[in-house]
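Visitor: Single-letter residue listing:
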Amino acid sequence: MSTVAVTPAANPVAEFASRHAGWLIGLGALALWELAGDYNLVAGGALPSPSEIIRQIWLDRQYLPRHIGATVWPALLGFLIGNTIAILAAITFVLWPPVERLTRGISITIFAIPAVALGPILVLTVDGIKPMVVLAAVSVYFPTMIAMLVGLKDIDPRPVDLIRAYGGTRRHILLHVRLRSSLPSLLAGLKVAAPAAVLGAILAEFGSGQRWGLGTYLLGSIGMGNPARIWEIGLIATAIASIGYVAFALIAGRATARTKQVTIASATPQDLAGTGGFTPINIAYAVGAAVVPFIAWWGIMKWLDLSPIIAKDPIGLWNYFFNARNSAVTQASLWDALLQSVPIALLGLAIGLAVAFGLAVLISTRPRIGNVFLPVALVTQTMPLVAWAPIIVLLFGRDLTTTLIIAASVTFFPALVTILQGLSLVPRSALDVLRTYGASGAQQMRMVSIPSSIPYVMAAARVAVPRALLGVMIAEWLATGMGLGNLLNRARGSLDYGMIWTVAFTSVAISILFYQLVTVVERAFLKKYRAGSA
Amino acid sequence: MTKIIDTTMKRRDFLRASVAAAAMGGVASLGLGSRPAFAQAGTLNFQAAWINDAEFMGYFIAIENGYYADEGLTVNYLSGGPDVIPESTLISGRADIALTSPDTTIRAIAEQGAPFKIIGQQYQKNPIGVVSLASSNISSPADLVGKTLAVPPVNTTSVEAMFRLAGVPIDQVRIVPYQFDPTPLIQEEIDASIDFVTAVPYIVEQAGKEPVWFLLYDFGFKIGNDTIVVTEETLANRRPELVSWLRASRLGWEENAVDLERYPAMYADSWFAGTGRSTEVDTFQNVAQEPLQAHPDGYFSMTEETIAETIASLAEVGITATRDMFDTTLLEEI
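Residue numbers (the numbering used here), protein chains in the order written: chain A, 527 to 1060; chain B, 35 to 368.
The reader is advised that the hints may include incorrect statements.
[As the list claims (entries may be wrong)] One side of the interface only, derived from the structure: several residues of chain A facing chain B at Cβ under 7 Å:
1. G694
2. G735
3. R1016
4. G1019
5. L1021
[Said to hold, decoys possible] Per the computed footprint, the stretches of chain A lying under chain B, defined by three or more beta-carbons under 8 Å from a beta-carbon of chain B, are:
6. 589-598
7. 643-656
8. 744-754
9. 827-837
10. 1006-1012
These are computed hints drawn from the structure, not numbers from a lab.
For each residue, glycine too, the CB sits at the ideal point set by N, CA and C.
Next up, chain A with everything else stripped away, as it sits in the complex:
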């Protein structure tokens, strides 16, 4: 035996490899991709190699800057407007909780309205780049508002007690405690919002008839049978979204380090979940929350004053669905579509959340995995689905697998970011106690990290429900030709705005239903867990 036994530390190669694992794996993946593209190994050549894509970018350099500018500018405006509204809304909700409870329906509605249904209406009501700005703003509102709200509510109660003892008001608490402690959570929300704004702007371009923009460029290119161009556009969109994400991640890294609580803060369940139970006042709020969106809907339709063929107010939709000549057909096709779409959406949601949770736990124990995996996850998130769809279809066919993959992939990334945020905010002192007693990483995870991240998992689940449904609809629209997505698409082709409103209304209603369900589960969980640990 002439083999020389070396310890890993003494082996410079192994040391190098372990220190730069992320880079090495990344480079390896890139090399594999290049080979797969050059030799047409994936999907019969539909996957272009990185060098082909770079060549295509060079060929298209004349028009790219203008297309990029035309997408980035409205996305940026929408990002600023949507987030400003979201932050102000969250602050309002904390100062005057009844406002939050009454407008909860509107908040979820804004998030759950399918872009494919909103786009055609938006284009008819505002002109120029405004549809893109509005859709980008709409896309960022909910993730930011929820993140800000969680941040404002999940606070250390001791400084609050101190302020109260000295006669401080709710505004003092907001100023001195809540706003500061909300920063990490807000930044996590903004991280998710940045890619969403880009996506929103691109989606709106499909309906805007604009000459410039990455979405428009994609439309013109998609019929050219040139996968390198499709990937070029997708990767540029991804890069723009990633810049936004990484910028906020860097800021968050600094801010979190500064504001991280060094000792235990045990937020009370009431603060986080509100007061539960079927008291008359709660029921009144629930009814209010359900009625307010209808009033807003009716008011907006009144204000827009569009033809009743396009615009349906609540009463118009009711008549379309129940009293029109075709109502029986309308109802039958809606039920059929729901039965095809909803179960898949729920399954996709479950898979997406489970994967996100598993990965978040893995990443927080082994940060190096995060270094490798987060960029990949970000890419899957920000790449426009229209660009992905042909590849996914070529790889996985046009059946339920494809729908599940798309539904899970659009759900899991925001969930991952939110859960990671929760895990990173675990009170150090609690972990120190466990460490002192010699607890392993897994034990720390099980006993402290996971339980204290539960509010974040719940926040993630709430955000994920409408996304899962949207993911399924996009997959149906692009690949399978089934369910709600197909119904919507056919309705647009036959000027059947009644059906567009029906699908939009139904998907919002389903999202709200599950939102409430998650809230009930959360409340029950927090009650049990906090009571047990107090």
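Start from chain A and add chain B according to the hints.
Guide: For chain B alone, coordinates are given in the frame of chain A:
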């Protein structure tokens, strides 16, 4: 009847306000197409059916060569796209003239009482057809039995009609959605797709495969496409301008036909700049579509026979068209 006018007036105020607001925010300074949509005398807002490609060549020429200006018209050209529904643009008052699919327009009139009139049609034969690879041996609807056919969801009813007219049981064809991306066809993931036969065959050829195609029109579904549609209101109030528009647009198409390869290249850096389409594709399309739109009586013609065929074909898909949805008198005035 005054509904449309009311809407236009309010729309005008709203747009003015929003343009002003946008200007304050520096949005308008980008000049990214905040198009005026006011119904001024001599100004027609024209909604096209798709993104800028050779399908709209004649209108680009009429704008560039001043044919509209010679008629005293200013034409605001509004590009289309997959989520732009031209009929909606008409109803909302943002456009005065739109290019539409006849089936969608007529269904909207028949079933929802939409106040539309069809005053001409660009394509005498709908360019929608079944495109496949020669190796699949698909030359008629019957050959699609047991095959996978990709259909844009908006064309589903037309395709169903084609199968019914050809006596082919539709449940023996696997229909999947089509997103105007020929890659699945080239990769043979699907056997055939429904698309404009004026462009896709060229793309397939470029990918080194041999394309074959047939029109739905040739198998009994005899409708045109890019029907020229206005509201009854516009027709009643702005008839002379509409006739002028038809005349100038026809001139544009006639100029185009003189040399079909001239204008696509000429507009490569203006109308077609940055669309993602190549000049070669637009040239191919410009040549391929010419036989589908030329007519002995001139472009846009609608004869009694054409209208009767359209009505009969649409009856096959359960859409009740009537003669009074078409108005041929403007064409007669050109």
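Visitor: All hints are to be evaluated individually against the structure, with a verdict given for each.
Guide: Structure-based check of each hint:
1. For G694 of chain A, the interface hint is violated, since its Cβ never comes within 7 Å of a Cβ in chain B; the closest pair sits about 38 Å apart.
2. At a threshold of 7 Å, the smallest CB-CB gap from G735 of chain A to chain B is about 4 Å, leaving the interface hint in force.
3. Taking 7 Å as the C-beta contact cut-off toward chain B, the hint placing R1016 of chain A at the interface holds, the least distance being around 5 Å.
4. Checking G1019 of chain A against chain B: minimum C-beta separation of about 3 Å stays under 7 Å; hint holds.
5. For L1021 of chain A, the suggested interface contact is upheld, since its CB lies about 4 Å from the closest CB of chain B, less than 7 Å.
6. Under the rule that three or more residues need a Cβ within less than 8 Å of chain B, the assignment of the segment 589-598 of chain A holds, with 4 such residues.
7. Coverage of the segment 643-656 of chain A by chain B holds [criterion: at least 3 residues with CB-CB distance below 8 Å; count 10].
8. Under the rule that three or more residues need a Cβ within less than 8 Å of chain B, the assignment of the segment 744-754 of chain A holds, with 9 such residues.
9. A count of 5 residues in the segment 827-837 of chain A with a Cβ less than 8 Å from any Cβ of chain B is obtained; the coverage claim is therefore met, three being the minimum.
10. Under a criterion of three residues with beta carbons nearer than 8 Å to beta carbons of chain B, the stated coverage of the segment 1006-1012 of chain A is upheld, 3 such residues being counted.
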